[in-house]
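Same order as they appear, the protein sequences are chains A and B. Counting in numbering that gives the first Met the number 0, the first sequence runs from 0 upward without gaps. Counting in numbering that gives the first Met the number 0, the second sequence runs from 0 upward without gaps.
Don't read these hints as lab results, they were simulated from the structure. Hints may contain errors.
Treat identical chains as interchangeable: a pair holds within one or across any two.
Unchecked claim - Dumping the calculated DSS-like pairs for lysine-lysine here, alpha-carbon to alpha-carbon at most 30 Å:
1) LYS59 with LYS16
2) LYS20 with LYS59
3) LYS16 with LYS37
4) LYS96 with LYS24
5) LYS16 with LYS96
6) LYS96 with LYS28
Given next are the chains, with one letter for each unit.
Number of protein chains: 2
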Amino acid sequence: MPDTISDLESAMQMLIKTFHKYSGKEGDKYTLNRGELKELLLEELGTYLGNSKDNEAVEKVMNDLDANNDGEVDFTEFIILMGALTVACNDFFLEFKTDDKPKGQSS
Amino acid sequence: MPDTISDLESAMQMLIKTFHKYSGKEGDKYTLNRGELKELLLEELGTYLGNSKDNEAVEKVMNDLDANNDGEVDFTEFIILMGALTVACNDFFLEFKTDDKPKGQSS
């Protein structure tokens, strides 16, 4: 093991660690059932889901992810969700940088 | 801003921060050119690329990502790469947990 890891490597570890923290709670230890997914979303992504204790945002995410109807979210599906959220966050962040446009773009 | 952020939220921030640290260096500030991508991979993912200072692994990643031939990697393409790497890491990690199989699996 190296002494230090980069931010990117930390990010990967955090994604893996967080998934297994919840997936291991009940049933199949390597997938999230609806209860585990809900707990993960509310506890770990409260900021992005607006801390809504009502279930609207959570249900929407569950329905999107559960398109294959197996009632379980595996690690790859979880990573697709996190990737989509991260891209959305990045877009949101860039919208505030209006005075800092790409070089090729005229104002 | 909340006082504390979760590991998942930290991971998202690290992904965004790291991309822009390199994408902002030259040319289009919101995409990685080949030089910027190479620097990011070598400096931030050295552990996973085996710290190979030869260019083999880097060139492979570049060629995969540059399928659209625009010579630039945007944030979404970067996130797809990171997602694939994280899934690969997770699979690797699980291979070592042979005494800890999912319930449905007979030994």
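Tell me, please, which holds for LYS16 and LYS37 at an alpha-carbon limit of 30 Å: within, between, both or neither? Answer is both; intra-copy 17 Å and inter-copy 27 Å each pass.
When no copy is named, should LYS96 and LYS28 be tagged within, between, both, or neither for a Cα gap of at most 30 Å? between (42 Å within a copy, 12 Å between copies)
If the cutoff is 30 Å on CA atoms, where do LYS20 and LYS59 land: within, between, both or neither? Let me know, please. Intra 22 Å, inter 33 Å, cutoff 30 Å: intra-copy only.
Measure nothing new, just compare the shortest in-copy and cross-copy C-alpha distances for LYS59 and LYS16 to 30 Å and report within, between, both or neither. both (24 Å within a copy, 28 Å between copies)
If the cut is 30 Å between Cα atoms, do LYS96 and LYS24 qualify within a copy, between copies, both or neither? The answer is between: 16 Å across copies meets 30 Å, while 41 Å in one copy does not.
Reference check for the pair LYS16 and LYS96, CA-CA at most 30 Å: within, between, both, or neither? between (32 Å within a copy, 14 Å between copies)
Hint check: no violations occur; every hint is consistent with the structure.
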